[in-house]
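Undergrad: As a plain string of letters, each chain reads:
There are 2 protein chains.
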Amino acid sequence: MRYAVRVEVRLRDGIADPEGATIERSLPALGFDGVSEVRVGKSIRFVLDADSEESALGEVDDLCRRFLTNPVIEDATISIEAAEVLQ
Amino acid sequence: MRYAVRVEVRLRDGIADPEGATIERSLPALGFDGVSEVRVGKSIRFVLDADSEESALGEVDDLCRRFLTNPVIEDATISIEAAEVLQ
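Chains as they are written, first to last, in the working numbering: chain X, 7 to 93; chain A, 7 to 93.
A hint or two may mislead.
Since the list can't tell identical chains apart, any single copy or any two copies may satisfy a pair.
[What the hints assert, rightly or not] Below, a list of computed lysine to aspartate or glutamate pairs in the EDC-like style, where the Cα atoms sit at most 16 Å apart:
hint: 1; residue 1: K48; residue 2: E59
hint: 2; residue 1: K48; residue 2: D23
hint: 3; residue 1: K48; residue 2: E14
hint: 4; residue 1: K48; residue 2: E80
hint: 5; residue 1: K48; residue 2: E25
hint: 6; residue 1: K48; residue 2: E90
hint: 7; residue 1: K48; residue 2: D81
hint: 8; residue 1: K48; residue 2: E87
If you're looking for bench data, these hints aren't it; they were derived computationally from the structure.
Chain X extracted, bound-state conformation (with noise of 0.2 Å):
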């Protein structure tokens, strides 16, 4: 089976975000008010073959925990559908 694969890489609570930092003291100049609490990170997308959704499940996990992600500084959420068949 292809499952369609997102995985999205967040900064943790409290590890200091200087991307979102900058979007958020420029935006008033650009003239939006109102945004606050920037954080920026990463989406990442990928087909992956797998046997199961949770033989799917449990490679993106090892993935993220390896390679995707810094687990000390950020978190990942993963989300997994079957995807189309395009053969």
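Chain X is fixed; fit chain A onto it per the hints.
TA: Okay, now just chain A, sitting in the frame of chain X:
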């Protein structure tokens, strides 16, 4: 009203994604097979003060076009929900 906003910024189809390509190329050597079509984007979260969900959506849409994305090569997906009031 306070709204929790998430903007996912993705490269448009057909635009080269060197970061995604690097991840995809590295994974087999790290023991992960079956991963393909890796695309890396940004996930921007913030809180927005607005009168209604409609005006929040309009403001975020404008923000995306003018500031958060490069519309030539990037596309944004917006999701908005009412934020919990913390006061």
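Undergrad: Hint by hint, note whether the structure agrees.
TA: Results for each hint:
1. Proximity of K48 to E59 under the C-alpha cut-off of 16 Å is found in neither arrangement, the shortest distances being 23 Å within a copy and 25 Å between copies.
2. In this assembly of identical chains, K48 and D23 lie within 16 Å of each other by CA distance both inside one copy and across copies; the values are 13 Å within and 14 Å between.
3. For a Cα distance limit of 16 Å, the shortest separation of K48 from E14 qualifies both inside one copy, at 6 Å, and across copies, at 9 Å.
4. Taking CA atoms no more than 16 Å apart as the test, K48 paired with E80 passes in both settings, with 10 Å inside one copy and 14 Å between copies.
5. For the identical chains of this complex, K48 and E25 are neighbours both inside a copy (12 Å) and across copies (12 Å), given an alpha-carbon limit of 16 Å.
6. Taking CA atoms no more than 16 Å apart as the test, K48 paired with E90 passes in neither setting, with 24 Å inside one copy and 24 Å between copies.
7. Taking the shortest alpha-carbon separations for K48 and D81, both the intra-copy value of 11 Å and the inter-copy value of 14 Å come in at or below 16 Å.
8. Taking the shortest alpha-carbon separations for K48 and E87, neither the intra-copy value of 19 Å nor the inter-copy value of 20 Å comes in at or below 16 Å.
When the structure is compared with the earlier hints, violations turn up for hints 1, 6 and 8 and for no others.
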